[in-house]
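A.B. asks: Heads up: the sequence shown begins at 1 in this note's numbering, then just goes up one per residue.
No wet-lab data here; the hints were simulated from the structure. Quick caveat: nothing in here was measured; it's all calculated off a predicted structure. Positions of the beta carbon are idealized from the N, C-alpha and C atoms, including for glycine. It is possible that part of the hints are untrue.
Derived CB-CB ranges, DEER-like [as the list claims (entries may be wrong)]:
(1) L147 / D113: 39 to 49 angstroms
(2) W28 / G72: 17 to 27 angstroms
(3) L57 / S126: 20 to 30 angstroms
(4) R58 / Y18: 15 to 25 angstroms
(5) H143 / D22: 54 to 64 angstroms
(6) L147 / H100: 18 to 28 angstroms
(7) I92 / R169: 48 to 58 angstroms
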Amino acid sequence: MAAPKFDPIPPTASPRSYASPDHVPDRWMPDRPGSITGLQPRGERLGTQGPDQGFALRIASRLAPRVVLQPGEHLDDAIRGCLGIALRRASIFSRAPVVHDLTIAFTMWGFFDEQPPAELVDARRSLFEGVGHTQHHYAEGRHIADLVPEAILRSTPQQVADRYPAEWRALTGA
């Protein structure tokens, strides 16, 4: 190729070619340092892992008009307290949350009942108080989710509804 007259390199000079750098880094290996080998870790404040868990908030917002609160209770506390139960149930079945997960949680704690048992209201009022502020009360929300026996979480919504209100203590673990 001809060089223009204003080019500072004379046309007879030898052309530049590739030169290897002084330091050659180690070979790159495709690794995944964030991958967990084996089962998901278990322990305090680790929760229950599962896919698309944020969708449970959308489901909860659609069920919110059905929630019946007693004096001194707050909707955010009820939703966040039941959310942990629903997510735990969904993770047992290795799937994303569905409406039945939240229906079971709200049913067992009497949030769909106009007149829940007085003892149940007292128990849930003390357990659920402030849980809506997840930044400050995450451990309390986890405690609510961990109370429920796994056998109950494996039940169908109809089985839970049939046992409520007579067996609310067995359903909630409280």
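A.B. asks: All the hints need checking, so say for each whether the structure fits it.
C.D. replies: Tested hints:
no. : hint                            : verdict
1   : L147 / D113: 39 to 49 angstroms : 19 angstroms, violated
2   : W28 / G72: 17 to 27 angstroms   : 60 angstroms, violated
3   : L57 / S126: 20 to 30 angstroms  : 24 angstroms, holds
4   : R58 / Y18: 15 to 25 angstroms   : 56 angstroms, violated
5   : H143 / D22: 54 to 64 angstroms  : 59 angstroms, holds
6   : L147 / H100: 18 to 28 angstroms : 19 angstroms, holds
7   : I92 / R169: 48 to 58 angstroms  : 21 angstroms, violated
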